[in-house]
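Read off the chains here:
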Amino acid sequence: MPSSVTYDGWGEPAWDDGSWGTDLTTVSVDGIAATGGLGSVTVSGIANVPVTNVSGQTHLNTISVIIDMPISVVGIGATTSLGIVRANAWKLIDDGQVPHWGPVDDSQTPSWINIST
Amino acid sequence: MAISQAMCTSFKKALLDGEMDFSGNTGQTYKIALYTNSATLNATTTAYATTNEVSGTNYTAGGNTLTLVAATTSGTTAFIDFADSTWSTSTITARGALIYTTANSNAAVAVLDFGADKSSTAGDFKIIFPAPDASNAIIRIA
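Protein chains in written order, with this note's numbering: chain A, 164 to 280; chain B, 1040 to 1181.
Derived from the structure by calculation, the hints contain no laboratory data. A couple of the hints might just be wrong.
Sample of chain A residues at the chain B side, in silico, Cβ under 7 angstroms [unchecked claim]:
id, residue
1, L187
2, T198
3, N277
4, I278
No experiment lies behind these values; they were computed from the predicted model shown. Backbone N, C-alpha and C fix where the C-beta goes; we use that ideal spot for every residue, glycine too.
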């Protein structure tokens, strides 16, 4: 708080303060302070990429990978058929024998059957 | 009608705008004017005005020219000081004062509130500025 002193009369103030024979009123004032404030700053992160010589922005697109798969061919099985082979059991008649024929034994049991038509 | 001690807001802006110069070699001229208790002075005061300024013997409108003590620092605080100012053999009654610069249309610096009317009768009226240090100097920026 400010304060004041009034000196009345001769030589009341301190030595060398005021004039001889003159009243003195002093007002001591208070100082005034200003407080400096720093506001907050918002820093946006900008990534600076240091590049040498040529700068270029690369972009990787999406790629489609086509894989050529070799097809394994499974062997195709082929079934072979063999025809029926008929073997004729015969032999040459020795026409040098005498007689070179023989009578049919008709007492034998027929070994044949009639074929159905 | 009131006088409230304050550092004028316009002064703060003027500092930022570089319109106030307290340097020792090219400093502006600063003055102190006295006002009666009818004056309205506060942080919104922007310039010296004669309204409700003191009138009396050996008081001249506009007040006294102040002797500036160059700005200095202590720790993290910067401050300035003025030499005490006296109206000799004056008859004055004042309730407060305005410190202002004669530059920039008499731009206001600070308002001083004496707390009560202070008077001199055919005597010296002396303004004693506080000790010039980081805690007491008349104008400090901490």
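Next item on the list: Using Cβ atoms only, decide whether T198(A) comes closer than 7 angstroms to chain B, and label the hint accordingly.
Entry: Hint on T198(A): holds, closest Cβ of chain B at ~5 angstroms, below 7 angstroms.
Margin query: L187(A) was flagged as interface toward chain B. Is the shortest Cβ-Cβ separation under 7 angstroms?
Written below: 5 angstroms, holds
Notebook entry, point to check: Do the numbers back the hint for N277(A), that is, is its least Cβ distance to chain B under 7 angstroms?
Noted result: This interface hint is violated because 139 angstroms lies over the 7 angstroms limit.
Margin query: Quick check on I278(A) please, does its C-beta sit within 7 angstroms of some C-beta on chain B?
Written below: 135 angstroms, violated
The structure fails hints 3, 4 (numbered hints given earlier, in ascending order).
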